[in-house]
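Taking the hints into account, I'd like the entire structure generated from these sequences.
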Amino acid sequence: MTGLLMQEAPRLASTVRLAAEGDEAAFTRLVVLHRESMARVAFVICGDAEATRDAVQSAWSIAWRRLPTLRDPERVGPWLLGIAANEARHLVRARRRRPVVDISETIEPDERTDPAGLIGLVDLQRALADLTPDDRRLLALRYVAGFDSTEIARHTGLSASGVRSRLARLIERLRTDIDHD
Amino acid sequence: MTDETMFERRLANALGRFALLAPPMDDELVAVTAIELGGRPKLGRLGQLAETLFAPRPWGRGMRPGYLLVFLALLLAAIVVATVGGFVRRESPLVTGRNGSIVYSVGPNGHQAVQNVAIDADGQGLHQVDAGRCPVYSHDGNALAWLSYEDAGAFLLVADMGGGGPRKSLLVESAQRSVAFDLSPDGSRVAWLRPTSQDPTATELFVGPTDGSAGTRIAAAPSGPGESYGSLSWSPDGRSIVFATYRRDTATGGSRRTAIEVVGVDGSDRRSVTTRPGPEDVLSWSPDSRSIAYVGSSDGVDSSTDDVFVIGIDGMGDHRLTTSSSTPRAPAWSPDGGYLAFLVSGDGQTARLATLPLAAPTSAPRCRDPAPNGSYGHRTAPSCFRPRSSRSTPRRTEPTSFRSTESFAGRL
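Protein sequence lines, in the order shown, are assigned to chains X and Y. Residue 148 in the working numbering sits at position 148 of the first sequence; the count goes up by one each step and never skips. For the working numbering, count along the second sequence from 1 and bump the result up by 1000.
Some clues are possibly wrong.
Here are the in silico distance ranges between beta carbons for each label pair [said to hold, decoys possible]: (1) X:D177 / Y:Y1067: 36 to 46 Å; (2) X:A129 / Y:N1013: 47 to 57 Å; (3) Y:V1081 / X:A94: 56 to 66 Å; (4) Y:V1032 / X:A129: 26 to 36 Å.
Keep in mind the hints are simulated off the structure, nothing from the lab. Idealized CB from N, CA, C, for every residue including glycine.
The structure is reproduced here in structure tokens:
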């Protein structure tokens, strides 16, 4: 497995370099590789499909323009996720006055409740709707993108310790909101 | 495992499941749209650098580096412009001395605002200098001083040739009386008449620096009843000060007479220059410090027949320069000693500025005066001196009215 990853890394870096030089096919390969993960991060922040699509599309437009400035091609994944998270945040802030879309219709009935002690997605969606876009970005980067506090700090402009303390407060708030409902 | 840790795991699991609800997208379409909308900088590395500098920060907050650089560049440019501009184009100096300019003040009657103006000796180039009274050039032309009467007293303002704001110092604590003063040749010191603490109507002659430091008394107040000092003038060589002394006429007992006295700037060698009775006031040194021009009474009694006189500092060679029926005032000597400028008042209300070539003392002075209807023109004799040139009408100049109350204390 490790050997496979070591073989994949040079290929990814080569793809990024080609895309940075204007190779549209290489750029399309990057989209295929990372679009889904970017959409997941953006969806947690946006909360609805339409805004997520817009955010992801905008993130890829930015990525295409700024790819030549990417210093470490092997870190293109976190770089793209950071762009997607920030674009989603911008989009939500710009559309702040729009009503939050109810996702309950899109959730399978067996996922609406939490028979196994898991958090119900409807409860989660409602709790997320009460958070600010900044807070949802933190959650998305931490638990969907899998960033540590240092990586989150790099993409949010916060300090690593600030990220940790904000996340701790956020988790406590969500625990109160979700578990006490 | 704590409750917090347990909840964090549950939260991560729920967020992961929630994220799976993200909508699907056509990757090909996303890529094509991104390429179409995103564009690329067209200036190669320079464009990429600009893209990096001016693109929004990834987290969307804070000043973009490019804007910060532009701001710093503009700030630096402003500093450079201010610094270099300060060297290249210095502040317009107030002083135009040593080029024949005449400075005088124009204003209404009473203690209302008065404006200092300067004009070229040929009657051209009239321009505003500053608000104030009794403007005086230093003999070297590098400083211009004037008075400002304010609630706190009479202040001296001295502007240097190099520009910048004028220096201000208090001469007399009371603004109730006019203050006679003159600058030293280099403009660094001032001589003025200061009321005594015992008798505000009596004055003493003081000399001090123009920076506001305390001065030194070089002539005590006159001891006789009703005696006082009048105008004063600092010699161009810086050694002496000439001033007028009003005295009782001991011969008649009633009328006053005026003597011109000279004293060293250190208070030594005080002596009288004139002995002839009658008003002798408003003094002006010749540039070589050997003669004094003054306005004196032709007959020794009636001031309505005043004329301009010149006398040697040793009291010799006293002679009259004007023989006009007009009343001359405030003589000022040109830097080369070739001209005298003074005011003439022939009709009681309107003063005219006149110049008189000293090489030919009998020639009539050239003058400026306002026409009765307010437009500017030349008034023919006998209300004004005829022009020195053969032209019957001088050049038309700016419409400026010289009121009878204006002062003229400058030097040519």
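Hint by hint, here is what the structure shows:
A beta carbon spacing of about 40 Å between D177 of chain X and Y1067 of chain Y agrees with the range 36 to 46 Å that was offered as a hint. For the hinted restraint 47 to 57 Å between A129 of chain X and N1013 of chain Y, the CB-CB distance of approximately 19 Å leaves it violated. In this structure, V1081 of chain Y and A94 of chain X break the distance hint of 56 to 66 Å, their C-beta atoms being roughly 40 Å apart. At about 33 Å, the beta-carbon gap between V1032 of chain Y and A129 of chain X stays in the expected band of 26 to 36 Å.
Going through the hint list in order, the structure does not satisfy hints 2 and 3.
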